[in-house]
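Using the hints, position chain B against chain A.
Going down the list, the sequences are from chains A and B. Numbering follows the numbering used here, with no gaps: position 325 of the first sequence is 325. Numbering follows the numbering used here, with no gaps: position 83 of the second sequence is 83.
Be aware that a few hints might be false.
[Claimed, not checked] The calculated lysine to aspartate or glutamate pairs, modelled on EDC-like cross-linking and capped at a C-alpha distance of 16 Å, are:
id : chain 1 : residue 1 : chain 2 : residue 2
1  : A       : K22       : A       : D86
2  : A       : K91       : A       : E161
3  : B       : K42       : B       : E94
4  : A       : K332      : B       : E18
5  : A       : K332      : B       : D15
6  : A       : K22       : A       : D108
To be clear, the hints were calculated from the coordinates, so they are not data collected in a lab.
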Amino acid sequence: MSTTTATLPAFGLDDQDGNWRKFPSGRVALLAFVHEECPTCGMSMPLIEAAHRAFGSAIDVWAVGQDEAGNAALIERHALTGPMLDDSDLKVSFAYGFDTVPTVILADGEGAELARFVGFGREDWRALFADLAARSGLPEPAIDWTSYADSRPGCGSKAVEPGIYERLVAESEGSPLRARRIEIAPDDDVAEFFYDQGLTDGLPVVPPTPERVLRMLGGTRRDAQEVVAVVPPNLAPVTIEKIAINAVLAGCRPEYLPVVIAAVEAMCTEEFNIHGVSATTMGATPLIIVNGPIRHRIGMNMRLGALGAGHRANASIGRAVRLVLRNIGGGKPGGTERSTLGNSMKYTACFAEWEERSPWAPLHVERGFAAEDSVVTLFAATGQSLMVDQTSRSGRQLAGSFGLRLEGVYHPRGHSGGDVFVTVSPEHVDTLWRDGYTKEALRNRIQEITSRPIRDLLADAESGAGVPPGRFPDGELDRLLPKFASTANINIVVAGADAGKFSMIFDGWASGAIGSMPTSRKIEEV
Amino acid sequence: MTTPRPGTVVLDPTDEREPIRRQLAPRPEHIQGTIGLLDISKPRGNVLLDQIEQRLHERYPAVEVKRYRKPTFAKPAPEDLRRQIAEECGFVIEALAD
Chain A
1 MSTTTATLPA
11 FGLDDQDGNW
21 RKFPSGRVAL
31 LAFVHEECPT
41 CGMSMPLIEA
51 AHRAFGSAID
61 VWAVGQDEAG
71 NAALIERHAL
81 TGPMLDDSDL
91 KVSFAYGFDT
101 VPTVILADGE
111 GAELARFVGF
121 GREDWRALFA
131 DLAARSGLPE
141 PAIDWTSYAD
151 SRPGCGSKAV
161 EPGIYERLVA
171 ESEGSPLRAR
181 RIEIAPDDDV
191 AEFFYDQGLT
201 DGLPVVPPTP
211 ERVLRMLGGT
221 RRDAQEVVAV
231 VPPNLAPVTI
241 EKIAINAVLA
251 GCRPEYLPVV
261 IAAVEAMCTE
271 EFNIHGVSAT
281 TMGATPLIIV
291 NGPIRHRIGM
301 NMRLGALGAG
311 HRANASIGRA
321 VRLVLRNIGG
331 GKPGGTERST
341 LGNSMKYTAC
351 FAEWEERSPW
361 APLHVERGFA
371 AEDSVVTLFA
381 ATGQSLMVDQ
391 TSRSGRQLAG
401 SFGLRLEGVY
411 HPRGHSGGDV
421 FVTVSPEHVD
431 TLWRDGYTKE
441 ALRNRIQEIT
451 SRPIRDLLAD
461 AESGAGVPPG
471 RFPDGELDRL
481 LPKFASTANI
491 NIVVAGADAG
501 KFSMIFDGWA
511 SGAIGSMPTS
521 RKIEEV
Chain B
1 MTTPRPGTVV
11 LDPTDEREPI
21 RRQLAPRPEH
31 IQGTIGLLDI
41 SKPRGNVLLD
51 QIEQRLHERY
61 PAVEVKRYRK
71 PTFAKPAPED
81 LRRQIAEECG
91 FVIEALAD
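Chain A on its own, in the form it takes in the complex (with noise of 0.2 Å):
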């Protein structure tokens, strides 16, 4: 700091005709920020442009003008010969600190100040003239005085407009935040507002305060402006220091961070098509799976209870997901989020694969990425329901079981259509490959098993949901017509505790191009 405190901050502007004016400059100098859209500055020009003409060849006499496109206009308006600088990033403005236009500065030739008034006043500007007269030794110009009003307000300057200043203050600080900070008052419940504001989803959040938001940075090398996806429903771009917001509502650790913006990316495809996922009244959400190395260097959930609750990582990764869609992409129950029922999982759904508990290729290797990358994969779930199995001993009976909870998957006449993610447990797979089972193995058995003649799935007097009759000639009523319409719609994962025979059966929604595809990202490597 300083100790001459009347010494004002120096600056280089360049000028309408582009010169590069500094100060100080050794000269004594009038400084007059102005803004064009303000009428008090508007009345101001003339004086500044007399001053200008009867002092400019001893004293620097410069307009400094808040946005390009208004000087020029102030410049043609008022016949303007004099320097109007161009401080339309504001950053002159800013350092000055005031918050009112016009601000009228006198400073010596060394930059200290001599006077200063703000807004319009008849008898500070007449001062101000004898006082140039008499620095200048030049006459003072004829005004006609009588024409201006005594005094007039000024106007807000640009520099502490909402928005701006937050901007210019980051900017000042050598901060990455740019999002609009809010005061909460005083008097005000923390945990009250968010929840007046519309900002979580029925859970309390941790505020978002600049210290913990720059710390959740910290989680990331990408730049904390970088648009990272534009989020359905309200097709909001959104950046990566939003969604470290939202991750600190969420409740997430800044190493967590990565696996969030690979979600979002993930999410905000065509191919996964949130917008649909999030508005059908189904019920869907994302089920984000996790594969790779970030498992264990982040501490996510994989075995004991991977499904929830009570683990930071799986349950903060996955509501951090869900608060994007809702605050960035507006997607909120009763807007554009049209649920019936909805379902436990729209508050999180997020788990890893145990991968080295599984004899099977990981989801991520299934789906073309390298088994060293850390890969997160979303599958658009509308509900989830236990497979019992405890007595089967051979893989062929557990496939079969699988075949036979499989049938129930939206409804049990509902085949060839939509997609299924199968979680299967330790001891589960260890039956089947213990029979050789694979992946690919148990698709295939399942598909057998739940293949039915149509005759069967024709929609009758016990039920009407299945095939409508009338749709295959009869004919064709023998044909078999399994669960699902391809094995590429089985997916399956292997996750759980070592103890227990039970696996998690997840219902998709509207399959393929026409619904929502698994959708994958790599997750950067920090």
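Frame of chain A; chain B shown alone:
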């Protein structure tokens, strides 16, 4: 005057398309200084405000009352008027009426 306590500063988690809803200004503990009465130019707003001004004088003789008027009820108060009220008053009562 009570010293204003600092609020908690948080960063906006939304896409910032909509303004954050206004929050309550801190409530002073005592009525003192100047109260502004703002007539929004709806019919008979002045009648209501005359009554309020009279009551205020009775209950708070030390308090100064200033009257203001919006040019039209159909538009927000002009910036100059808002600034003037904010500069001159510690409190403001806005009257609707009809």
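Hint numbers contradicted by this structure:
The structure conflicts with no hint, since it agrees with every one listed earlier.
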